[in-house]
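Residues 397 to 1127 (the working numbering) make up the sequence shown, in order.
Keep in mind that the hints were calculated from the coordinates and are not lab data. A few of these clues could be false.
[What the hints assert, rightly or not] Subject to a maximum C-alpha distance of 25 Å in a straight line, what follows is the list of computed DSS-like cross-link-like pairs (lysine-lysine): (1) Lys-1056 - Lys-1083; (2) Lys-1038 - Lys-1083; (3) Lys-1048 - Lys-1083.
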Amino acid sequence: MRLPPATAIPIQHFMPLRVANRDAYLKRKAAMSSGASLSDVPTLATLALTAAPTFSTNFAGLAFPDSQCGPGCEPPDTQVAVGPNNVVETTNIVARIFDQSGNIISTLNLNTLFGVDTATFSSDPRVRYDTMSQRWFISFLIFDTDDINTAQNGFFYLAVSSSSDPTQPFYTYNFETPEAFPDQPSLGFNDDKVVTGGNSFSCFPTDCGDFSLPYQGMEFIVWNKADLLAGATAVGMDFYPPDQDPDDFTVQPATSRSSTSTLFMVSDPDDIGVAQNHLTVWRVTGVPASGVGGGSSVSTTVLPIITFSDPPVAPQKGNTTNPIDTGDARMENAVFRDGLLWGAGSAACKPPGDSMTRSCLQFLEVLTGGATPTLNQDFMFGTKNLYDYYPSVDLDNFDDIVTSFTQSSSTEFPSVYVDGRLQTDPLDTLGTPVLIRAGAASYNSPNPETTTNAFPWGDYSGAGVDPSDQTAIWVAAEYAPSAVATPNWGTWIAEARLQSPGATPIPTSTATATSSATSTATATRTATPTVSATATATSTVTTTATVSATPTATNTATPTISPTPTASGSPTASASGTPTTSATPTASSTSTATLSPTPTATETATPTATATSTATQTATPTATPTPPFGTLSVSGNLSFGKVKVNSTASKKLKVKNKGKGTLQVTIGTLDPPFTVTSGSGTINLPKGKTEKVTVQFNPTATGAVTPQILSITSDDPKHPSHNVTASGSGK
């Protein structure tokens, strides 16, 4: 049975691509839009064509008419995951459950799943099925109003299923990012942790749709996985605020397909004046304490890779005016299995025999079995005269990779392709691309990019291994079907294989490697937010919740109720960090969403949560200042790079009070060779005032120095502290 479709949202729902340096990005895109060849992009020596995927099943996925929002609901942000019996696809802003034959079981507005008003602006879904815990995870970005141009705050949202059946209740959690939003939240997990990360963009002093407001840096949350799986009302979590790495853009946590106590992540630079020639491998260890936080730690290793660049826009058949926007060169997907860590994204290259710069696929493989990670494969894949973009990646149980992506050119409508490589193939090779769904028309959009006239696409594709037969990887990507709507995007889903169905691999030791010397840094978190939550039961739908006394950001965890999805009004602002919308009745405290295929109110047997779960306060809160409060904002970084021995380099941080009241700030100290030369100590910042903090670096020997943490604390109840890593090396 199918759930009735939600009412379409009669407003513009367009989420433009956010980059760290928009001017540089548009300049680069414009320079390549004519198809000119650039001398600084890699040229491929060979185009290896080895293994080709085969397909058992493929069928139409979600399309624009299914998106349940008004004109301009794009890009779709295509994602797919597979469980024992179901395929779940998410796009902006819906989820659809299929059986593995492609029959539709149910379709649901994602806002309803997360318990917010269907008109609230939301975007960037990710869906994963964890083959180890047998649970579904869905992450989502939600704003506090129905229009990005009036929004002031963003929220990380995370949904965790109560079983392997996606039609059963989900527990939902959220984390507020005041005066900023975590763009394109990423999602990954290992044995004991879940990580959601994002790129933080300011919403102050105007709104979240203002492109002139600054990029604040990468941020991520480490969640206690056991707490999430249990539907706990107090979840252990550690928040690592921006800017975790001022050189890189977009941190992608890996989806772990085999057991590991370390959660791996990858990131690389955006075009922000930093040489685009390295990959950063992140290792998250430890677990946040249940209900409190603290206990996780993060270290990084920087690996040199082929210099890369943002891909050019892609021409499309039938429209010489509006090409396809292929995005930038950020890491878009990451997966870990058997000691192998793969990352994938788009980049510029010149395919073999080609004189022009094209949009290509970028793949990186890191071996994690040694003392430190080691780069094993680093290659681009391009096709002469064609443009490939937005790849996904996952690993089967032979450690083969399968990827899906879109391809177009002046002679081809945007179409869906799948490719792969066997683990035993020669290094730095990919197989023969296979067309699985040809485009039927040129893509049409109401939202062309003003500088390049390119139409939005992506912002990513999807891939997920089948837990019941791990020789199969299900993929989903965007294409242009017949132009029956504007925008006319569609998605296509396929079950792809490089091995025979059900084949069992022979264990190998390919993932073990020793590593040469690499630079390693350590990331630290700020004060751990306490997670408070409410939980509701199927039978009584009544809740009891305590108000967290901790002056830090909090969460809401609510299991969804089956079988009656009773979407109420917009959520009210509360101490547990739920967003608000104006001119809308206050929502009740009952949970409101389910992915159940049953649209009636018939009582069914479903997993239930305790009817009166109460959040337990375990950490001692600090004193809360009297409102109005000050708001702590820190900009700048202390990454000095290479400095000549016995010379001095200086950097400045700006510590600003963006709140309505006075802010008390305490700025710590550093040990040589770093020195805080001005701004240290305790100060009172009136509303709108800024304190400049100057830090000097004076290396006395060559080589990297041990990074240090400059601690900046305040009486801001939502941002009590901000840590900045000071790093550098002598030359």
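Outcome of the hint check:
1. Proposed proximity of Lys-1056 and Lys-1083 is supported: the alpha carbons are some 6 Å apart, at most 25 Å.
2. The straight-line distance between the Cα atoms of Lys-1038 and Lys-1083 is roughly 37 Å, outside the 25 Å bound, and the hint therefore fails.
3. For the proposed pair Lys-1048 and Lys-1083, the alpha carbon gap of about 21 Å is at most 25 Å, so the pair holds.
Comparing the model with each earlier hint shows a violation of hint 2 alone; every other hint is respected.
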